[in-house]
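**Student:** We have chain A already, so just place chain B on it with the hints.
Take a look at the letters that make up each chain.
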Amino acid sequence: DQQVKQNSPSLSVQEGRISILNCDYTNSMFDYFLWYKKYPAEGPTFLISISSIKDKNEDGRFTVFLNKSAKHLSLHIVPSQPGDSAVYFCAASVRKLIFGQGTTLQVKP
Amino acid sequence: DTEVTQTPKHLVMGMTNKKSLKCEQHMGHRAMYWYKQKAKKPPELMFVYSYEKLSINESVPSRFSPECPNSSLLNLHLHALQPEDSALYLCASSGNIGGSNQPQHFGDGTRLSIL
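Top line first, the protein sequences correspond to chains A and B.
Heads up: the first sequence begins at 1 in the numbering used here, then just goes up one per residue.
Heads up: the second sequence begins at 1001 in the numbering used here, then just goes up one per residue.
No lab work stands behind these hints: they were computed from the structure.
Keep in mind the model is a prediction, meaning the values are calculated, not measured.
Where hints are given, some of them may not hold.
Said to hold, decoys possible - Some, not all, of what chain B presents toward chain A, calculated at C-beta under 7 Å: (1) Y1051; (2) A1087; (3) L1090; (4) G1107; (5) D1108.
As the list claims (entries may be wrong) - Just the calculated beta-carbon pair ranges, DEER-fashion: (6) A:H72 to B:A1039: 44 to 54 Å; (7) B:E1067 to A:S69: 35 to 45 Å; (8) B:S1059 to A:T26: 15 to 25 Å; (9) A:L11 to B:Q1082: 17 to 27 Å; (10) B:H1026 to A:S8: 35 to 45 Å; (11) B:P1069 to A:P9: 33 to 43 Å; (12) B:S1065 to A:I18: 38 to 48 Å; (13) A:I18 to B:A1080: 12 to 22 Å; (14) A:L11 to B:K1009: 23 to 33 Å; (15) A:G60 to B:S1020: 18 to 28 Å.
For glycine and all other residues, C-beta sits at the position ideal for the given N, C-alpha and C.
So here's chain A without its partners, still in its complex pose (with noise of 0.2 Å):
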């Protein structure tokens, strides 16, 4: 039973324009989200992160939006840039973190 779902294996985007990556989750119990960024032959990088009592979170180009009613969570890059292209992973927290399938980002010149 997948609790964490990134429905989009793969998302294209020209530089300078929105990238929006989703996840969507089942189990009502999560109360911290976060999203990685992760590049071949590297871990995981934390981008950023949202408690279960917000619905907004920035940082800098990224912004991360959770609809609770819905159990959906989004990942804004504005404007994206070439070095965003990467694999990112939305993963959702109660005592232990788990991610979803992740969506490859990749952003053309």
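**Tutor:** Chain B only, in chain A's frame:
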């Protein structure tokens, strides 16, 4: 540069060998984790240590044996592994287990190949 250091970066071993993976962090974190990641899959939790005590074992086979000698170090001892154990093994640390604003920080992993 990652603040969680894992050694070795690559390891090739036979099914009868004994080897260890090492992980070190100096962020003062009190929770440390081992994950296994297969190609094109998300990381899967194996073990969690909290304050140097094993807190979670995700039903991992006994051929994997974790050890936490002190708050900065985490080892994973390997013995009699199978070819399907070939994967990227990731170590992570966080301030403590769960709670708000406690992201896990990952090392770059050890790429393990079992012959």
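**Student:** Give a verdict on every hint.
**Tutor:** These are the hints, each one checked on the structure:
Hint status for Y1051 (chain B) relative to chain A: violated, with the closest Cβ pair at about 15 Å, above 7 Å. A cut of 7 Å between beta carbons decides the hint on A1087 (chain B): the least distance to chain A is about 13 Å, and the hint is violated. For L1090 (chain B), the interface hint holds, the least distance from its beta-carbon to any beta-carbon of chain A being 5 Å, beneath 7 Å. A cut of 7 Å between beta carbons decides the hint on G1107 (chain B): the least distance to chain A is about 5 Å, and the hint holds.
Because the smallest distance between the Cβ of D1108 (chain B) and any Cβ of chain A comes to about 5 Å, under 7 Å, the interface hint for this residue holds. The hinted range of 44 to 54 Å is not satisfied by H72 (chain A) and A1039 (chain B), whose Cβ atoms lie roughly 28 Å apart. Our hint of 35 to 45 Å for E1067 (chain B) and S69 (chain A) holds, since their Cβ atoms are close to 44 Å apart. A hinted range of 15 to 25 Å for the beta carbons of S1059 (chain B) and T26 (chain A) is consistent with their spacing of about 21 Å.
Our hint of 17 to 27 Å for L11 (chain A) and Q1082 (chain B) is violated, since their Cβ atoms are close to 36 Å apart. About 37 Å separates the C-beta atoms of H1026 (chain B) and S8 (chain A), a value consistent with the hinted range of 35 to 45 Å. P1069 (chain B) and P9 (chain A) have their C-beta atoms about 40 Å apart, which keeps the hinted 33 to 43 Å range intact. Between S1065 (chain B) and I18 (chain A) the beta carbon distance is about 47 Å. The supplied range of 38 to 48 Å therefore holds.
Separated by about 50 Å at the C-beta atoms, I18 (chain A) and A1080 (chain B) break the suggested range of 12 to 22 Å. For L11 (chain A) paired with K1009 (chain B), a C-beta distance near 30 Å keeps the hint of 23 to 33 Å intact. Taking 18 to 28 Å as the suggested C-beta distance range, the pair G60 (chain A) and S1020 (chain B) does not conform, at roughly 39 Å.
Checked against the numbered hints listed earlier, the structure breaks hints 1, 2, 6, 9, 13, 15; every other hint is satisfied.
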